[in-house]
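**Student:** Read top to bottom, the protein sequences are chains A and B. Mapping of the first sequence onto the numbering used here: residues 959 to 1143, in sequence order. Mapping of the second sequence onto the numbering used here: residues 17 to 675, in sequence order.
Treat the hints as calculated values from the structure; they're not laboratory data. Fair warning: there could be bad hints in the mix.
[Unchecked claim] Only pairs whose alpha carbons sit at most 20 angstroms apart, straight line, appear in this in silico EDC-like list of lysine to aspartate or glutamate:
(1) A/K1083 <-> A/D1008
(2) A/K1083 <-> B/E552
(3) A/K996 <-> B/D258
(4) A/K1083 <-> B/D172
As the structure is a computational prediction, the values presented were derived from the model and not from experiment.
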Amino acid sequence: MNRFLIPLGVFGLLVIVLAVGIKRSPEKGIIVSPLLGKPAPEFALPSLTDPAHVVKSSDLRGRWYVFNVWGTWCGGCRAEHNTLMEIRQSGAVPIIGMDWRDSESEALSMLQQMGNPYETIAVDKDGREAVDWGVYGAPETFLVNDKGVVVYKYVGPITPDAWQKEFLPRLPQRQAGAPAQPSKS
Amino acid sequence: MLPELGHFALILALLLAGLQAFFGIVGPMVGRDRWTAAVTPAVAGQFVMIGTAIGCLIYSFVSDDFSVLYVAENSNSALPVFYRVTALWGAHEGSLLLWIFLLSCWTVAVSIGVSRLPQRFGARVLGVLGVVSFGFLLFTLATSNPFTRLDPPAPDGRDLNPILQDPALAIHPPILYTGYVGFAVAFAFACAAMLEGRLDQQWARWTRPWTTAAWAFLSCGIALGSWWAYYELGWGGYWFWDPVENASFMPWLVGTALIHSLAVTDKRGLFKSWTLLLAVLAFSLSLLGTFLVRSGVLVSVHSFAADPTRGIFILVFLVVMIGGALSLYAWRAPLLKSQAGFELGARESFLLFNNILLVIAAATVFAGTLAPLISDTLGLGTLSVGAPYFNPTFMLSMLPLCALLGMGVHANWKRGKLGDKTRMLLTTLAIAAALGCIVSFVIYSHGKILTPVGATLGIWIILTSLVDPIERVRRKLSLPRAVVGMTVAHIGLGLFVLALTTVESFTVEHDVSLANGAATAVGPYEFRFEGVKPIEGPNYEGVGGTIRVTRNGMPLTVLYPQKRQYYVQRQVTTEAAIEMHYGSNLLVALGEDLGAGKWSIRIQVRPLVNLVWLAAFIMAVGGGIALSDRRYRMARTAEEGAPVVPAATASVTAGEQAR
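Next up, chain A with everything else stripped away, as it sits in the complex (with noise of 0.2 angstroms):
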């Protein structure tokens, strides 16, 4: 047996290994977060809607919902804006909004014009807050369960097809469809 060979044997060893890790890694499209299957990170942010109101993690523990990190000034985001609405109105899973790097006012005008999807909107002036959920661009999307662990996150403006393949199929059975429940502080 020639010694020379041994760094070769290694070397094939390595790439079976390495072609099952990419056979088990998520399919084509989804965006690796290393917050999935991780707690969502716990924030406590200003409302949007309400001033006078703290939007906290530990309030929304419990029950599932999507967190949707978007801003005025991006185009994506009005693109799946309408999504959004349908999904609201669907009443399948309550939608946390996060503002990202935004104007206040400007952000309010255009969910007054366009309509508002969200439940609840953080405010996340200065980005800290998008840092630790490892945002990349707006507009992303976290499916985060009852025990307030990320499930799931989506890159990009969601269309219904990626909410019907995508989320639905991810969320538990008496969620979906049930009505979302409304928390007024």
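Based on the hints, put chain B in the right spot on chain A.
**Tutor:** Then chain B, alone, in the frame of chain A:
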């Protein structure tokens, strides 16, 4: 039009890379010199094309062309021009283009450098680089085209990831990639030697400066990345054993081994097959790093976006490049015989230990990085490997390495006797141990078990590195740059070990409660609390504390930690104030209001943390000095067909007694 021009230029570059690879490898094989001569023009043409492509993309960024998808995703009209340019490498497609561009720069430099080498050998080196470039260009065009258009154009861009908007990070990727890519040159030299079936001491001398240059860039790149993580991410640490960090650290460790192994091959004609293997490994680990970062196989804090389909492409590329090189190795390496021998205790044996320990260190990092993947593959569940694994296993190989370094730099080639140097070594060791104990128990007074060991080793490395140059200057002997460079790099390592030891051992964290005007002492520092004042921000109000810091009674600085309240009484965020002084990192954070003007305050002092990065830069500077040595320039004057200079004469060029 410009994005299309850039895209077209990339396609032309791909064709030219193909020609470069074909003529460079097949030309010398079939002995057609006119084919061989076509390699250099292909290199130049490819450089122009890739330069055009990257220029087009930069123009699209600067001119806010949001009809280009990549620009729309990574820039914004409000982004400053500086960050619009650096946004080029803010995501996958652009970083890949940067990677290719830097490879092209290295290739042009190599084509100039090898013009004085035997023509066929030079063509083979460039041919191998052409294969690498071809693979990456194909990868870019097939899976990650940065010029893809967006229809309709976005009204504005999604902006560059805010945490990437930082000067340190803006220059970090080009420097890091220059290092990564630079190992492609050593790889190409190794492959060319194996294709040729001949490896002599001259080969090692040709390869050394390229390897040292790549290593120096990689050192800087890693240090910058670590520095950035410390400040911008604010995690309060400088190294996290994150997969992406490890991906750059493994080639560095193997590259360091390669530098030392090349020295032996150059001076003594030994370790030939081992040097070849290290050259192949260093670049393979660079490629593997790219794979790990880009494929989404491993998830890390750094990977904001990854795509498994790209992973498959890179994996195939890895199989072709690394598999090809290792097959070549298995075929050719047995032919390389080393005649000379050496005694245990000779410098060769120390460098052998250096190599073994560095490779073990790289292997432990490798194992820890891939452990989650392997355990997942074998169905053993998800495994998380962190500092509790990495720190002790890494030290296991690094402590002996540092200990042997002090002796190794004074050992003779070939002969095993340390002779009259034994006394000097014992003296420096005694001084180092005394200083180490002073640092551990007198200056800081509360060391841990490894503190005196680390401090002693760090100081000993510095002392023993200095002995030889001082001796040379005293006896008015020549001091070649290679020796100066080596000394500087080793001093850098000594300082690094020292800095690491003090930071890890003596970081002080105090939680105190202070009334207005009261003070607390942490080491030589005194922190005097001067009360809080209300502050107001765009969406918060709160209090800002004033803490006056003095060092040994001398006023040093004033820190302003804040406690912000986001509109509602209960919600509070803490903004710590961080400042550097005398290499110590002072951190002050406001805690709770204890009433009656009293506050709880957290104070951290990290001594010498700046030295960790500074030492890494000193090591890189050492590399820079070493590669400017005359002997590398003189070595290039060999004519084609000239007989290989035998070992004995080769090692007696000017300034050679570089022992």
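**Student:** Now tell me, hint by hint, if it's right for this structure.
**Tutor:** Now the hints, each set against the structure:
no. : hint                : in the structure
1   : A/K1083 <-> A/D1008 : holds (15 angstroms)
2   : A/K1083 <-> B/E552  : holds (15 angstroms)
3   : A/K996 <-> B/D258   : holds (17 angstroms)
4   : A/K1083 <-> B/D172  : holds (19 angstroms)
No hint from the list above goes unmet by this structure.
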